[in-house]
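K.L.:
So the chains spell out like this:
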Amino acid sequence: MYQERIKIDWWTVALYAAIMLFGWMNIYSACYDEAHAAIFDFSRFHGKQLVWMGASILTAAFILLTEPRVFSNTAYPIYGGVTVLLVLTLFLAITVNGGNSWIELGGFRLQPSEFAKFATALAVAKYLSAIDTDLKDLRTKVVALAIIAVPAALVFLQHDTGTALVFLSFVFPLYREGVSGVVMVIGAVAIALFVLALLVNKYILLGALLLLALFYLFVWLNKRSSRDYWRAAGVLAVCAAFIFSVDFVFNHVLESHQRERIEVLLGQSDDLQGSGYNVHQSKIAIGSGGIIGKGFLRGTVTKANFVPEKHTDFIFCTVGEEWGWVGCVVLLALYTVLLQRLIVMAERQRSPFSRIYGYCVASILFMHLFVNVGMVIGLVPVIGIPLPFFSYGGSSLVAFTILLFIFIRQDASKNQLL
Amino acid sequence: MANRHSDRAYVVRIIFLVVTVLFVGRLAVLQLFNPKYRDLAEMQSLRNVTQYPARGFIYDRHGELLVHNEAVYDLMVIPNMLKGLDTLYFCQTVGISRDDFEERIAKARKYSPYTASVFMKQISKEEYARFENKMFKFKGFYISQRTLRIYDRPIAAQVLGYVGEVDQADLDRDPYYKRGDYIGKSGLEKSYEAVIRGVKGKKVMHVDAYSREIGPYQGGIFDTLPIEGANLYTTLDADLQQYAEELMANKRGCVVAIEPSTGEVLAMVSAPTYDPNLLVGRIRGKNYTELNKDLAKPMLNRALMGQYPPGSIFKVAQSVVALDLGVISPGTGFACDKSLVGCHGHPAAASVREAIKMSCNPYFYHVYRRVVQQGKYRSPQKDSQYGLTVWREYMLRMGFGQKLPIDLPIAGMSKGNIPDTAFYNKWYGRERWSFSTIYSNSIGQGEVTVVPIQMANLAATVANRGYYITPHMVRFYGPDSTRNEEYYTRHETGIDRRYFDIAADGMYDVVHVAGGTGRRARVDGLDVCGKTGTAENYGNDHSVFIAFAPKNNPKIALAVYVENAQGGGGTWAAPIAGLIIEKYINGEVARKDVERQYRECNPCQKLPLTRRVKKAKRR
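Note that the protein sequences, when read in sequence, are chains A and B.
Under the numbering used here, the residues of the first sequence are numbered 1 to 418, in order.
Under the numbering used here, the residues of the second sequence are numbered 1 to 619, in order.
The set of hints was computed from the structure by calculation and includes no laboratory data.
Please note: incorrect hints may appear among the correct ones.
[To be verified] Here are the simulated PhoX-like pairs of lysine-lysine, each with C-alpha atoms no more than 25 angstroms apart in a straight line: (1) B:Lys83 x B:Lys36; (2) B:Lys139 x B:Lys107; (3) B:Lys134 x B:Lys121; (4) A:Lys294 x B:Lys36; (5) A:Lys294 x B:Lys202; (6) B:Lys297 x B:Lys185; (7) A:Lys294 x B:Lys203.
Treat the numbers as computed from the prediction; the structure is a model and nothing was measured.
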């Protein structure tokens, strides 16, 4: 045994703190009310958030003082515990905003799905870092998928579609660990075809795909074997089946509010008082901010309740309105630097567990950022998930803090052989 | 496990980066290149709230308050904000039935569930006091205050006028007004609208998504305070006005009383009248329709809008014109030749003074002939053209044939008619008329028509012995006591003062000397000068009287019209004029029996009128 040297990556901690503080300022401003301007008014969202921030810092400190191997050793028990909690939630949930993802524990509200993310990340890292697993094996692939799919399905059953979608982010660590990039390409193509099928006449779309296949066969390829023809025909057939199933999925699988949100996004519905209201208002709020914004506490659209969920899922509106384009770019830069740094940190890990877990952390944060900001600025259909470290909410802030700081703790002892 | 796929880190990092760049670009489109969002934000989150100034008060000449404002309350509701309302308790408190409540809420919700609409209109202070302290329990309801005009004494309705909501024409004419604003629709409320309304103020309020006001926008730097409306200090004598209205009750007609030395209108009555409080508040619409339907036209101000043949009172004007032209002398006498024009039985008039006293028709036939046919031309037609033109100029100088520029709404006012040569040329053809065609004018019939205020003005002109000051209703207004210079200008008739003395003597005799036609106007201890008139027209004759008193240094000049009365000027108008003079000068009427008699009498022919056979006799 040698003297353990802990080397905490303070840059990451600083980025975390900066985002959290900026977030708190925007919560304060979004719900600003001259009669309740006191910072330590714990009946207001900004006061409560201060409590959650305190709790998060304590949690972070606790994690940093813990032996790093504790997390890899307890990955499965934590995963199992959270899964049980998710199942229990299905039966014990109270309804909040149409979702059934909250449970009440002695006057304390908790959203288990928030904790399912880091638990799943731990389990995936633990499983894929084991000596006897190899992603080339079908069995490994199936088990890994199952580890991800079980909590995702349970969350989906709680009508928390947004959080369930976040589990798609595990595609990045899987890709990094060896799953073919074709998976990501297929996913991207499927989304593109889905959108195109809703926007364009299906036969025209099919014709375009046929032309593309002919181009591939007769212009792109120099030598063609019969296998090439069969492969092209097969891909084309799958695409055609997909395109013609889009309508069915759209009309019968999706729920009506999801359908409307997609239509709004694609510009096929402009019901500004109904399903289009949220995004229309958030675009007004952000758009009215201009280059440098209206100034701290000066936002009119967000403050006046035109924007719903202004302190949680639509908190980015306040940034856009009060801090303008400059403020938005600064915030996005903070996130981007954090994400890039997390990947760099993951790559410098000696232990595969830490590396995989690092990828999971970065990917989950990225997915939240992508869906949340994308929704607010009208690039993604409305899916209610919080902006990490930024939106109001105790469960999400504490859960994201745990997620991040477990990785920071792993990184601090990266030279130690686990 | 070997680090086999570390190059894939770049793929992941690039994907992350691409998304950020995409977002930054999208934000640039929204925030840097799309000004419409700024306008949209302003449009929906700011509201201009108009601050209404209090409308100016109206006082009488002694400082008595005639018109003021009273606060009333509109109960407003925002349907979507109704939460946890105890409907039964609410209905009991406000005093409406459950069904009524549902109906009103449904109506408001139909208008808009998010914005405020009126739930209950114009709740009085007393009603509101009942539930004022319970309002906090009724979420979604709030009170909006506005003011109504209040008239403590129900007098001078047509003069004061009324206030109503602006119509499309008002909106088109003046951008100051917005839909729902109030504007003076008639009377002083209309003619002094520009000063009495004040100036609206503006508050820019920050509103939330439910249209609730959150607070002033940017600390109120765009706000302006309303400027209170100017008070009007009128020339009316409230007591006299009320007294004259009481005398004119049960009758149709009008009274105009003027202080001759200043042109200030002391009283202006148009009968029948109405209680101005009827045209205020919730009851206005219904009452307006009722008043409008009334055949007797209570909303018409007869003193300004009525056009009547002057009848015999015109003889006063004819006398001074003829004397000034020198076509007669004060001692000129004419026989009462009833073959020229009908007359009543009286001795021949040996002077102008006597002729006025007895109101001799043939006498003034001669007078007018001498005025119109002065012998300047050989052809009687040409001569008449010349004479008529000279005569008309005199009449115009005495204020006839034109709208006297009084400070009441000019629109709808009558000019009266003093015919000119063009008028008769058109009527009869060029040089196809002469004195013999138009002689009816001599006794105030024929084509001549006058407006009651012009006749009161004639009385004032005689009282002043030759000049008048345009009659007006307001002495000064506003905090700086602004005055209208026009109402301090003497309008000279250019007729020698001596001739007015003669006319005044004649008018004195009318009331005071045996054989005078207006003896019922006499007031003990006062030397009242007057002239009777009986104006022929559709229906029964109008009973007319003009007067001033005292004879020297007159305090009051007036004209009294009683429409379609069964009797001449001396029968109805003269005694009423006498009572008004007594009331004004003595402050109290001693002759209670006379007062009661004329207050209660009801001489006017019933409406609608039927044509009656004209009597030949005139007094």
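K.L.:
If a hint holds in the structure, say so; if it doesn't, say that too.
P.N.:
Here is how each hint holds up against the structure:
| no. | hint | in the structure |
| --- | --- | --- |
| 1 | B:Lys83 x B:Lys36 | violated, 35 angstroms |
| 2 | B:Lys139 x B:Lys107 | holds, 18 angstroms |
| 3 | B:Lys134 x B:Lys121 | holds, 18 angstroms |
| 4 | A:Lys294 x B:Lys36 | holds, 16 angstroms |
| 5 | A:Lys294 x B:Lys202 | holds, 23 angstroms |
| 6 | B:Lys297 x B:Lys185 | holds, 16 angstroms |
| 7 | A:Lys294 x B:Lys203 | holds, 21 angstroms |
When the structure is compared with the earlier hints, a violation turns up for hint 1 alone.
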